[in-house]
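On the provided structure of chain A, position chain B as indicated by the hints.
Given next are the chains, with one letter for each unit.
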Amino acid sequence: MFLKLKTATAAIALSAMGSAAFAADLVINFDDLNPGPKKGFEDAVAQFKAENPDINVVVNINDREAHKTAIRNFLTADAPDVTSWYPGNRMAPFVDAGLFQPVDDVWEENGFNEDLAAIKPTMSRDGKIWGVPYSYYQWGIYYRKDIFDLLELEEPQTWDELLAACGKMKANGVTPFTIGTKFLWTAAGVFDYLNLRTNGYDVHNALTAGEIKYTDDRIRATFANWETLINECGFVDNHASMSWQDAIAPFANGDAAMYVMGNFSVDGYKNAGLTEDQIDFMPFPTIDASIPGAEEAPADAFFIPANAKNVEDAKKFLAFVARPDVQTQWNKTIGQLPINSKADISDDKFIQEGFALLNGAAGLAQFFDRDAPAAMAKAGMEGFQEFMLDPSKVDAILTRLDTVQEEVYK
Amino acid sequence: MTDAVQHPQAAPSWLKRNKLAVAPWIFLIPALIFFAIYVVIPIFESLWLSLYEWNGLYGPDGESTAEWVGFANYAKLWDDPNFWTSLRNNIAWLILYMLAVPLGLFIALFLNQTVTGMRFYKSMFFFPFVISQVVVGLIFGWFYNPDFGVVGTVWKAIFCEETTNILGNVTFTCSRPAPDILSSPEWATYGIIAAGLWPQIAYCMILYLTGLNNVAADQIEAARLDGAKGWKMLWYVVVPQLKPATFIAVVVTVIGALRSFDMIAIMTQGGPFGSTNVLSHYMYEVAISEYGERYGYGSSVATVLFGIMLFFISYFLWRMYQDEKGGR
Numbered sequence: 001m002f003l004k005l006k007t008a009t010a011a012i013a014l015s016a017m018g019s020a021a022f023a024a025d026l027v028i029n030f031d032d033l034n035p036g037p038k039k040g041f042e043d044a045v046a047q048f049k050a051e052n053p054d055i056n057v058v059v060n061i062n063d064r065e066a067h068k069t070a071i072r073n074f075l076t077a078d079a080p081d082v083t084s085w086y087p088g089n090r091m092a093p094f095v096d097a098g099l100f101q102p103v104d105d106v107w108e109e110n111g112f113n114e115d116l117a118a119i120k121p122t123m124s125r126d127g128k129i130w131g132v133p134y135s136y137y138q139w140g141i142y143y144r145k146d147i148f149d150l151l152e153l154e155e156p157q158t159w160d161e162l163l164a165a166c167g168k169m170k171a172n173g174v175t176p177f178t179i180g181t182k183f184l185w186t187a188a189g190v191f192d193y194l195n196l197r198t199n200g201y202d203v204h205n206a207l208t209a210g211e212i213k214y215t216d217d218r219i220r221a222t223f224a225n226w227e228t229l230i231n232e233c234g235f236v237d238n239h240a241s242m243s244w245q246d247a248i249a250p251f252a253n254g255d256a257a258m259y260v261m262g263n264f265s266v267d268g269y270k271n272a273g274l275t276e277d278q279i280d281f282m283p284f285p286t287i288d289a290s291i292p293g294a295e296e297a298p299a300d301a302f303f304i305p306a307n308a309k310n311v312e313d314a315k316k317f318l319a320f321v322a323r324p325d326v327q328t329q330w331n332k333t334i335g336q337l338p339i340n341s342k343a344d345i346s347d348d349k350f351i352q353e354g355f356a357l358l359n360g361a362a363g364l365a366q367f368f369d370r371d372a373p374a375a376m377a378k379a380g381m382e383g384f385q386e387f388m389l390d391p392s393k394v395d396a397i398l399t400r401l402d403t404v405q406e407e408v409y410k
Numbered sequence: 411m412t413d414a415v416q417h418p419q420a421a422p423s424w425l426k427r428n429k430l431a432v433a434p435w436i437f438l439i440p441a442l443i444f445f446a447i448y449v450v451i452p453i454f455e456s457l458w459l460s461l462y463e464w465n466g467l468y469g470p471d472g473e474s475t476a477e478w479v480g481f482a483n484y485a486k487l488w489d490d491p492n493f494w495t496s497l498r499n500n501i502a503w504l505i506l507y508m509l510a511v512p513l514g515l516f517i518a519l520f521l522n523q524t525v526t527g528m529r530f531y532k533s534m535f536f537f538p539f540v541i542s543q544v545v546v547g548l549i550f551g552w553f554y555n556p557d558f559g560v561v562g563t564v565w566k567a568i569f570c571e572e573t574t575n576i577l578g579n580v581t582f583t584c585s586r587p588a589p590d591i592l593s594s595p596e597w598a599t600y601g602i603i604a605a606g607l608w609p610q611i612a613y614c615m616i617l618y619l620t621g622l623n624n625v626a627a628d629q630i631e632a633a634r635l636d637g638a639k640g641w642k643m644l645w646y647v648v649v650p651q652l653k654p655a656t657f658i659a660v661v662v663t664v665i666g667a668l669r670s671f672d673m674i675a676i677m678t679q680g681g682p683f684g685s686t687n688v689l690s691h692y693m694y695e696v697a698i699s700e701y702g703e704r705y706g707y708g709s710s711v712a713t714v715l716f717g718i719m720l721f722f723i724s725y726f727l728w729r730m731y732q733d734e735k736g737g738r
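Residue numbers (our numbering), protein chains in the order written: chain A, 1 to 410; chain B, 411 to 738.
Read the hints as simulated data drawn from the structure, not as lab findings. Ideal placement from N, C-alpha and C gives every residue a C-beta, glycine not left out. One or more of the hints may lead you astray.
[Said to hold, decoys possible] So the derived label-pair ranges between C-beta atoms look like this: (1) B:Phe582 <-> A:Asp160: 26 to 36 Å; (2) A:Thr215 <-> B:Arg669: 36 to 46 Å; (3) B:Ile447 <-> A:Ala77: 15 to 25 Å; (4) B:Pro654 <-> A:Asn253: 50 to 60 Å; (5) A:Lys38 <-> B:Ala446: 41 to 51 Å; (6) A:Lys120 <-> B:Glu455: 39 to 49 Å; (7) B:Glu455 <-> A:Asn253: 35 to 45 Å; (8) A:Ser392 <-> B:Pro650: 51 to 61 Å; (9) A:Asp202 <-> B:Thr573: 46 to 56 Å; (10) A:Thr403 <-> B:Trp645: 33 to 43 Å; (11) A:Asp105 <-> B:Tyr600: 51 to 61 Å.
The shape of chain A in the complex, shown without the other chains (with noise of 0.2 Å):
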């Protein structure tokens, strides 16, 4: 009976901490629980442990939220040799910290400067590489088909023809856009391509990087067509008490035609009964025909923590990660994107219209509240969301929003 409990609690104490490690054991912490990342980490991992056979890989998987709080203090207290993190300044807290180790040599031995070429700036700071992402996914619009169908509608290229696509579209009791800004971010999303599309990609990592005010003028002429966007498309009513789950409803109901979206949102589409002929992804529209076309492509990257033990095999498993077979496989799994120009993609609809518009893309921006640090991210998007409630604050907003941006990049 003692035995028993002895062997059962260093069973748990070695399962639940992996703590107690050797010397060829290789401490992984990741972060998605779902069944479809979860099970294209474990299929990577069951890989890597078979073409290495002598490295002892312990995985810990933690839940998505559960994760950003515990990150905060096992790369202090409890390192593992390797942790998921998030690309852009999400990583910059940690890597000012000295928490993080780079990994440079990581990307010169195995020819990523090439391969990954796209997101080497995202995974830079302070003139270092600090980790290696395995995927990514785009955003777009997406809409419904069969109402485009209907209306005889193609999807629009430019602004003009998204303006006169909302025209029509209104006039048939159709409203253009859903949305659902309760929880902020969607919002950050339309705004990003909008900026995007009136500045391009520089200005919109000038400002996220408080480079430039929220009240230049640049930034004001995205406020501008923001709200003849409003006006002249709208987007459904209620949008505040909304999540981006919710806003699938009118969506699906054919009340609401498109969706500014990730494409993690097709499994929502999915689920809510649409089937692939009833929605289509486009790309969003251009603005100015002068301004190369960036794209929205949050990436998930491997990072490995100062502390960590076995540094050594944890850079074999960023090397790994990033192979173009691995992540041809993972991301197949998962239904995203594969970041290395080498691998391949899936035959979903969806993941080859994103492959083709990522890969011609001038730059790929991580999301606003990925490139902007928490605190303006948290300003700016509630910002964003009052502004879509009533466009006549916005030079209010704007001010406010430079008076926090001095506050954060001081």
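Frame of chain A; chain B shown alone:
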């Protein structure tokens, strides 16, 4: 007292002599230790932390990355419109939450009669206090929902007509849009307070019901003989006897109003754009939530809230002390 009793044998040990004085402290020690670790020390820690700027991270060597900024966090609070919104909402909560006391009293008076099945009615009225605040928040969130909630459904019945949309699916066109209480910066706070009042009224009601059991029947009788009835009876005879119950009801309501957090977190997350925040939720938002990570600033918000609570709690403790001194 121990001095008075003389033992002829060997002088008793110090412990024996002071048994009565020491025993309570020995029993209190475990509680005091935990109270110190989980309440008192953290209070001082967060007071101290409010003088730093800190993103909650430790360096790889375990060194805190906090930076001393003195009273800069408080200076920032002064200029922070979100802080003032939160404070204003806290005051709105305090004032409107007080409605729970008279409403609880009236429900208690109403339920304080002998009718068949009264126990059942009492338990139904008490029910909202038993369920979790989170559940109350969810229920009211749905209640207010302009699409499928009670508010939305009633509105649709009055102002909307059922039509079919372009795809032939049923939809509604309204002559005026349904009120979206929880997304309106003006009304959302009142919507949440109304939800919060529901369980709070039940709480006050139960306090008054027990109080009413102790109302002296002879005094009522005497007052009746003197011709008192209705409001006068209530105000001059019943309410004064309910003073202890009223005191407790006010205390729990004030504290309940100041620590309102669950409902806001469930119903609006402080939104739309921060207009329903209260200090406790704002503190959570700037320090602990996903977009927070400003622990020093969050601590300064917590300190302000602590100051307000301290004011009320000191007053209540002082009142209780006065009452006890009065020898009741």
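Exercise. How does the Cβ-Cβ distance of Lys38 (chain A) and Ala446 (chain B) compare with 41 to 51 Å: does it lie in that range?
Worked result: holds (42 Å)
For this session: Could you see if the CB distance from Thr215 (chain A) to Arg669 (chain B) stays within 36 to 46 Å?
Result: Distance hint for Thr215 (chain A), Arg669 (chain B) holds at roughly 38 Å.
Exercise. When you take the CB atoms of Thr403 (chain A) and Trp645 (chain B), is the distance between them in 33 to 43 Å?
Worked result: The hinted range 33 to 43 Å is violated for Thr403 (chain A) and Trp645 (chain B), with Cβ atoms some 52 Å apart.
For this session: Starting from the hint 35 to 45 Å, judge whether the C-beta atoms of Glu455 (chain B) and Asn253 (chain A) obey it.
Result: violated (52 Å)
Exercise. Is the gap between the beta carbons of Ile447 (chain B) and Ala77 (chain A) within 15 to 25 Å?
Worked result: 19 Å Cβ-Cβ, so the 15 to 25 Å window holds.
Exercise. Is the distance from the Cβ of Asp202 (chain A) to the Cβ of Thr573 (chain B) consistent with 46 to 56 Å?
Worked result: Holds, since Asp202 (chain A) and Thr573 (chain B) (Cβ atoms, about 47 Å apart) stay within the stated range.
Exercise. Between Lys120 (chain A) and Glu455 (chain B), does the C-beta distance stay in 39 to 49 Å?
Worked result: holds (42 Å)
For this session: Kindly confirm whether 26 to 36 Å is satisfied by the beta carbon distance between Phe582 (chain B) and Asp160 (chain A).
Result: Given about 32 Å between the Cβ atoms, the range holds.
For this session: Determine whether the Cβ-Cβ distance between Pro654 (chain B) and Asn253 (chain A) falls within the hinted range of 50 to 60 Å.
Result: Once the Cβ atoms are compared, 57 Å apart, the range 50 to 60 Å for Asn253 (chain A) and Pro654 (chain B) holds.
Exercise. Would you say the C-beta atoms of Asp105 (chain A) and Tyr600 (chain B) sit inside 51 to 61 Å of each other?
Worked result: Since Asp105 (chain A) and Tyr600 (chain B) have Cβ atoms about 59 Å apart, the given range 51 to 61 Å holds.
Exercise. Regarding Ser392 (chain A) and Pro650 (chain B), is the given constraint of 51 to 61 Å on their beta-carbon distance met?
Worked result: holds (55 Å)
Consistency note: the structure conflicts with the earlier hints numbered 7, 10.
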